[in-house]
Every structure is written in C-alpha cells, then in structure tokens.
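A.B. asks: Whenever a hint applies, use it, and build me the whole structure from the sequences.
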Amino acid sequence: MLDDDGKIFVAGSEEVAAEVRTSIVRAFDTESGELWRFAEEPRPGHADTSDLALADGALYSVGTDGLEDGGGLFTVRRHDPVTGGLAWRTATQAGWKGAYGTGITATAERVVGVGYVRDEDSQQALMVVLDADGAILSETIQQIPRGFWSDIVPIGAAGDLMLVGGTFMPGVINRDVIVRRVDANFVEQWSHIHDHEMRSLSMTMRQGVGQVE
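Position in the sequence shown counted from 1, then plus 1, gives you my numbering.
Honestly, the hints are just simulated from the structure, not real lab data.
A few of these clues could be false.
[As the list claims (entries may be wrong)] Restraint-style ranges between C-beta atoms, simulated for each label pair: (1) R90 / E20: 21 to 27 Å; (2) D120 / A40: 37 to 43 Å; (3) E121 / A59: 32 to 38 Å; (4) P43 / V83: 24 to 30 Å; (5) G71 / N186: 32 to 38 Å.
No residue lacks a Cβ here, since even glycine has one placed at the ideal position from N, Cα and C.
C.D. replies: Quick look at the structure:
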C-alpha cells in the first residue's frame with residue numbers, strides 16, 4: 002500500500018519459533034529504506050496481518066492472532082503511519098472458536114473488516130464494523146452458504162462497498178467465487194456467484210482510478 006507521499010506499507014507475519022508466529026507491519030521510503038517495523042507479541046499457531054487501509058491520517062490493519070486451543074482472534078489495529086505506534090487494538094472471536102481477518106477498509110468515521118468464523122463443523126463469512134476509536138459497532142455472520150470473505154473495497158460516491166469471497170458446501174472440493182455489492186448501510190444491492198473448478202483460490206480487489214456509481 003502507498004500513501005500520498007509515496008511511503009510504502011507492507012504486512013504479513015514471521016515465524017519466530019516452531020509453531021509460533023508474530024504479525025508484522027512495516028513501512029519503507031521511496032528508496033526502499035525501512036522507516037519502521039511493528040511486530041505484535043508472538044502467538045501460538047496462526048498469526049498474521051492480512052490487509053491494510055489508510056483513512057483520515059491513520060493506518061489500519063486487520064489479521065488474526067492465534068490462540069492456545071487452536072482458535073483465532075479477528076484483530077484490527079490502528080497505527081500511527083509516521084512511527085508505526087499502536088493507538089489501539091481490538092480483537093474478537095465473534096462467539097466462535099476462531100475468527101479470522103482478511104480484508105479492511107476505512108473512513109474517518111468507521112472501519113469495516115471482513116473475514117470468517119470457524120469451528121469444527123462450520124465456517125461462515127464475517128463482517129465487523131468499528132468506530133474510529135476501536136469500539137465494535139456490529140459483528141455480522143453473513144447469510145451465504147458455507148464460506149468466507151477475502152477482501153472489501155469502497156465503490157462509488159455514496160459509500161457503497163464491494164466484497165469478494167468464496168463459498169462451498171460440506172464435502173465439496175470446489176470453491177465458488179462470490180462478489181457482492183452493499184450500500185453504506187450494508188444492505189445488499191446484488192450478489193453474483195461464479196463457478197470455480199479449483200480446490201483453493203486467492204481473491205483480492207483494488208479500487209481503480211475514476212468514478213464508479
């Protein structure tokens with residue numbers, strides 16, 4: 002991700018010991034010099050930072066912090082884009098064994114993260130809405146077939162959002178792609194499900210140049 006000054010932000014994870022990982026966010030200047038590095042406390046099993054968003058002078062990240070029982074915390078953080086300093090961290094399991102963050106978008110008023118929840122028998126797409134101070138406003142398990150959201154981006158001038166993810170049924174190998182548009186109040190405008198003849202798939206979206214209504 003680039004800011005208006007050309008600063009580069011990247012996110013991911015590092016393995017610090019066997020089965021122990023830490024979530025990472027790093028910033029670089031235009032000459033590839035590292036400006037700062039943020040590393041979360043190491044977590045058991047799965048931990049990562051999956052996506053970043055810039056809004057109103059803040060850098061937001063979403064990802065997952067692993068738990069000892071094999072579950073996960075859907076985790077959103079607000080960083081100072083100049084220093085990487087952590088302003089707040091909000092984590093939730095959304096009432097499930099594991100909640101996992103994959104995509105994020107933000108404005109001055111709110112932050113919207115997406116991903117999925119999972120236990121031994123089920124997996125469903127998740128959307129979490131927070132205010133600019135990190136308080137959770139809503140947690141919504143999406144009523145789509147078994148699946149997940151991968152990414153979320155703004156579209157148009159009215160505050161609409163585009164979501165992309167995957168859906169599949171128990172015992173079925175193939176994952177189908179789902180694309181959905183919702184308005185600023187998260188009311189579904191349309192959804193399309195596309196057949197995908199592969200067991201795994203990676204999906205992301207990026208906002209293009211120009212105005213889309």
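A.B. asks: Taking 32 to 38 Å as the hint, is the beta-carbon distance of G71 and N186 inside that range?
C.D. replies: holds, 36 Å
A.B. asks: Does the Cβ distance between E121 and A59 fall inside 32 to 38 Å?
C.D. replies: holds, 37 Å
A.B. asks: Kindly confirm whether 24 to 30 Å is satisfied by the beta carbon distance between P43 and V83.
C.D. replies: With a Cβ separation near 25 Å, P43 and V83 satisfy 24 to 30 Å, so the hint holds.
A.B. asks: Does 21 to 27 Å hold as the CB distance between R90 and E20, or does it fail?
C.D. replies: Holds: the Cβ-Cβ distance is about 23 Å, inside 21 to 27 Å.
A.B. asks: Taking the Cβ atom of D120 and the Cβ atom of A40, is their distance within the range 37 to 43 Å?
C.D. replies: 29 Å Cβ-Cβ, so the 37 to 43 Å window is violated.
Checked against the numbered hints above, the structure violates only hint 2.
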